[in-house]
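Visitor: Chains A, B, C and D, in that order, give the protein sequences.
Per numbering that gives the first Met the number 0, the first sequence runs over residues 0 to 163.
Per numbering that gives the first Met the number 0, the second sequence runs over residues 0 to 547.
Per numbering that gives the first Met the number 0, the third sequence runs over residues 0 to 237.
Per numbering that gives the first Met the number 0, the fourth sequence runs over residues 0 to 177.
Keep in mind that the hints were calculated from the coordinates and are not lab data.
Misleading hints may appear alongside valid ones.
[To be verified] So the derived list for chain D, only partly shown, Cβ under 10 Å to chain C, looks like this:
(1) TYR39
(2) ALA43
(3) CYS86
(4) ASP102
(5) TYR109
(6) GLU111
(7) VAL138
(8) ALA140
(9) LEU145
[To be verified] Rough simulated footprint, nothing fancy, chain D against chain C, three-plus residues with beta-carbon under 8 Å:
(10) 109-117
(11) 190-201
[What the hints assert, rightly or not] Lysine-lysine pairs mimicking DSSO-like chemistry, simulated, CA-CA at most 30 Å apart:
(12) LYS298(B) - LYS209(C)
(13) LYS51(A) - LYS173(C)
(14) LYS298(B) - LYS66(C)
(15) LYS298(B) - LYS51(A)
Only a predicted model underlies this, so the values are computations on that prediction, with no experimental measurement involved.
Glycine included, C-beta positions come from ideal geometry on N, C-alpha and C.
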Amino acid sequence: MSLDNAAQMTDPREEALERAMARYQYSGDALIEVLHAAQQLYGYLSAPLLRKIARRLMLPPSRVLGVATFYHLFRFAPAQHHSAVVCLGTACYAAGGTDLMATLRRQDGDGGWTIEAGRCVGSCGLAPIVIYDGKPMSKVTRAQLEARIKETHDSGNTAPDAGR
Amino acid sequence: MTAETLRQTRDAELERRKGIKNRIACCTVAGCESAGSGEVRAALEREAAAQGRAGEVEVRGTGCMGWCSRGPLVRCSSNDTIYAEVTPADAPALVSGDAGRFEGRALTTEHPFYAGQRRLILRNSGHADPERIADYIAQGGYQGLLKAVTAMTPPDIVAEVKRSRLRGRGGAGYPTGLKWELVARHPSTVSYVVCNADEGDPGAFMNRSVLEGDPHRVLEGMAIAGRAAGAEQGYIYARGESPLAIERIRTAIEQARREGLLGSRIFDSNFQFQIDLRIGAGAYVCGEETALIKSIEGKRGQPAPRPPYPPESGLWGHPTLINNVETFANIPAIIENGGDWFASIGTASSPGTKVFAVAGRVQRTGLVEVPIGTTLRTILSDICGGVPEGYEFKAAQTGGPAGGCIPAPFLDLPMDYDSLTRIGTMMGSGGLIVMDTSTCMVDVARFFMEFCMDESCGKCIPCRAGTVQMHSILERITRGEGSEADFWMLEELSALLREASLCGLGMAAPNPVLSTMRHFRGEYEAHVREHHCPAGHCPIHASEEVHS
Amino acid sequence: MSVRTLEVDGKMITALEGQTIFSAAWDSGIHIPRLCHLGGLSDVGACRLCLVEIEGQKRLQPSCMTKVAEDMVVRTNTPALRAHRRLIVELLLAERNHVCSVCVLNGACELQDLAAQLGVDHVRLRPQYPKLEVDLSHDRFGLDHNRCILCTRCVRVCDEVEGAHTWDVAGRGKNSRVITDLGEPWGESASCTSCGKCVQVCPTGALFSKGKTVADMRKDRGFLRYIVTAREKKLWIA
Amino acid sequence: MPAKPKLATVWLGGCSGCHMSFLDLDERLIELAALADVCYSPIADVKHFPEGVDITLVEGAVANTDHLRDIRTIRGRTKILVAFGDCAVTGNVTALRNLYGLDEVLHRAYNELSITGTTPSLEGIVPRLLDRVLRVQDVVAVDHFLPGCPPSAEAIYEFVATLLGGETPSREGRRFGA
């Protein structure tokens, strides 16, 4: 009986990935689309996942890793609990984006944060912008950001729903 | 869809609107979304229901209305007024038509910000809901495609585009008609149309706003291109970083397919055309057309030497017509109104309008569409209200990391392709960033070089290793550790990158350095000789004897 | 096949239609420098050393990827081209840790030869000193990233001649690295056939045979012509 | 007859291999002595670097505070300064520690691999090592470069003789490493 149970307990994500690949007829040309789908399902691209994609699309593993690592949106490790993307487009840079970045880095004493520099998010009129746990903050000052970080810490540092 | 059903759809939508007294359009594009337009829209919808006016007041989303720094923006059709900085608390007043509480926040078309603009690309903003194809059709959408399919031959279409003298809005300004002709004349039986929506310049969001605000206009332009070039398949290559734009394109493609505006037997003809969406994954270099092609093919987005150019050998080796979003968005009106009409707008060598994303130190920032050839002064002073009190204009930066700066003496320069190139910058895709005297131009050059270094694909040596060296020299200079030798090393590296790089990214990477060295040489010299940053920006410490 | 006549560095030469400028020039004794090109492999035009001036063309063109044309006038060795080539070699030498004195290929390295030939007696740019790995996990071969110039000859020979596609390039820009399979140590690569072709085509000491000491290694690329010609002419098919 | 030009050689952060190669000139050393007056060299017993030197060959990279002080003095007293050998020209093996940083290298050498297990403090006894090894050109202006590890005796003779003859040595054919 336990064998039957194991068979039924397949990860639904596997099926979803299979469907995504089937949608593109398992064509190697669709590698980037498939990587997007895989990351959306699993959160990041692990080595076994990449190996499986390579096999299904009949591509050399080195080609798959080569493509995946060329593009900045693909992640190869699980995301942290909290994320902050500081826009460092020209307008945000000029409006003090780097200072906000430094503020975030300073606060990330215990790790647990994915802090990234973003390219222009297209809200230059509201510079500087920080995407904090998936939600945009506009015309951000250092004090505002520090207050927000404190809020997050005080609320127990739990994983937020936003941005997932 | 047939000509008849297109007309019926349009009439039905216009008829439906007659019963509506006020159409309230909420900007739903990235800038206003960041400022909370989603909550405003929800409050408006609730309020319309609560006041029992659901039938006469209609709440819709719409495209970018321009003045992003005062978002969220909401437009009421009843009095043709745009309201700024709207909060959910404003909803009752907007629904009931009580304009009293909007002192200083009500903007009419006479406001200098709008009066100075000429909106062709953005004409549907504030008027149409990007998520409804009926809205686009009601605004006269898909009439260009109808004409192209039912009343014109492919050579007619190419001739019309050539007559318009439209130049590619992606940056370099290559004549669009010539490009189309190359693909149309190619004997290959398979060809492709590609829309380059990989707008990645930091400080540029024109294309993204067009896709978010009026996606059908781009689809229509592409379908017309498909008809002209004999292509049956199109791709939109969009930035992975723009989820809203991706969503809007997906919806629009879906709607157009359902209505038979994409697919087979379009307008009962033999013309068939499909569009698929491809999503980039964070590589600026994919805006370069050969890299974009590699990326659509699922490969590393590394450029290939040209020739062969894509119109000859592009996607999977087939002739490929690549234009950017704004170029395609110009096409429907050109086909509908004729090339001569278009050529009468703007300047003789650069007809039409250009959308600029204005950011930085000016009163009003956002999207501005003006006839090409409008002076920088008109855009910045008249439309954007000039530099705020207490600040002094220093330079405007155009063309992003591939461009350069325009210093104060050139404020009366007409903003067209050739004038900008002459003073060492470029139109680019339309980013326009205003800097005041507290901005250090050496640091600006360093910032853009860092961008190019991070975005270099790594294939050719001049760009891969040259951007690293140029960046490290600029960094030394901003730290006050530069030497005289650094000047000629920067110049020698610039020459190498310009002349020997494989693609446009490397060739253009030195532009911000050369441009700032040309107009602000004194600032570089102050850093090197006096260990002093005139803008007071660079943290230069007392120099040690050896910097290792 | 028809013949084309063109002028290269003031000398009239003949070439076959479809031949590249690079190969026609070499056939006539005009040796244009290169690092990424290797006869028998496809061309990528990446190293930019073989750029030439073609009369009537605004841009410099990679001679390894540009076909000859009738009456073409080509210059391969102008002062501007020499200056560009020197700077490219300087960029390479500053990019990673090319310490010739302690390299297995000392004395037979294409990068070292090129520096000598072009008069690069020092590097004006700052060395970057990146910290890079040496992979000695393979039984017979080693990979020293310090000496890799990313010419991708290994990637191409493995894909096009051996047919294994063990190698590729991961990352981008200054963070580009050659990798085997999913980036695991070379010795653990499941696809590698240990044929050693990559080692032989590598222009520097980045790929080497184990057991060789400083200045001890010499590379032999004769096999390429042999295999590629045989394949092209189907010589080995009964 | 005018005085013979003054030739000096110095040894900074290098292995002295370039000087060994210099000694390999063998009997040509006598020819060289006829052309120039060797006024300062690690192979001659002279305590202070003299003034008014015409040509100085500098072996080695700049690795410690003494090197830093000396190379500046030498530059000030020399007409034609030659970076002599790969360590002076490129940093070479001497600069390999720049990949790891000074602390990591010292820790490895004294704490991990030596029997004492501690990094000795010899402040004031031996010169302090610089955080990063520098090429000669990073500190002072260099007039000519003679790469090689070491440059061969033939290359040294030809190079120095050319300079003594008032000519500029050619740059082509010089070789890093072998």
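Visitor: All hints, please: hold or fail.
Guide: Hint-by-hint comparison with the structure:
1. Among the interface hints, the one on TYR39(D) is violated; its C-beta lies about 24 Å from the nearest C-beta in chain C, farther than the 10 Å criterion.
2. At a threshold of 10 Å, the smallest CB-CB gap from ALA43(D) to chain C is about 27 Å, leaving the interface hint violated.
3. Because the closest C-beta pair between CYS86(D) and chain C is about 9 Å apart, less than 10 Å, the hint holds.
4. With a least beta-carbon distance of about 14 Å to chain C, the hint placing ASP102(D) at the interface is violated under the 10 Å criterion.
5. Hint status for TYR109(D): violated, given a least beta-carbon distance of 21 Å to chain C, over 10 Å.
6. The interface hint given for GLU111(D) is broken, as the beta carbon of that residue sits about 18 Å from the closest beta carbon of chain C, more than 10 Å.
7. About 13 Å separates the beta-carbon of VAL138(D) from the nearest beta-carbon of chain C, more than 10 Å, and the hint is not met.
8. Nearest Cβ of chain C to the Cβ of ALA140(D): about 12 Å, over the 10 Å cut. The hint is violated.
9. Taking 10 Å as the C-beta contact cut-off toward chain C, the hint placing LEU145(D) at the interface holds, the least distance being around 7 Å.
10. Counting residues of the segment 109-117 of chain C whose CB falls under 8 Å from any CB of chain D gives 5; the rule of at least 3 is met.
11. Beta-carbon proximity to chain D at under 8 Å applies to 0 residues in the segment 190-201 of chain C; the threshold of 3 is not reached and the given coverage is violated.
12. Between the alpha carbons of LYS298(B) and LYS209(C) the distance comes to roughly 33 Å, so the proposed pair goes past 30 Å and is violated.
13. Note on LYS51(A) and LYS173(C): the hinted pairing holds, with a Cα-Cα distance of about 29 Å set against a maximum of 30 Å.
14. For the hint pairing LYS298(B) with LYS66(C), the CA-to-CA distance comes to about 26 Å; that is within 30 Å, so the pair holds.
15. Among the hinted pairs, LYS298(B) with LYS51(A) is consistent with the structure: their alpha-carbon atoms are about 18 Å apart, no more than 30 Å.
Figure legend: structure checked against the earlier numbered hints; hints not met, in rising order: 1, 2, 4, 5, 6, 7, 8, 11 and 12.
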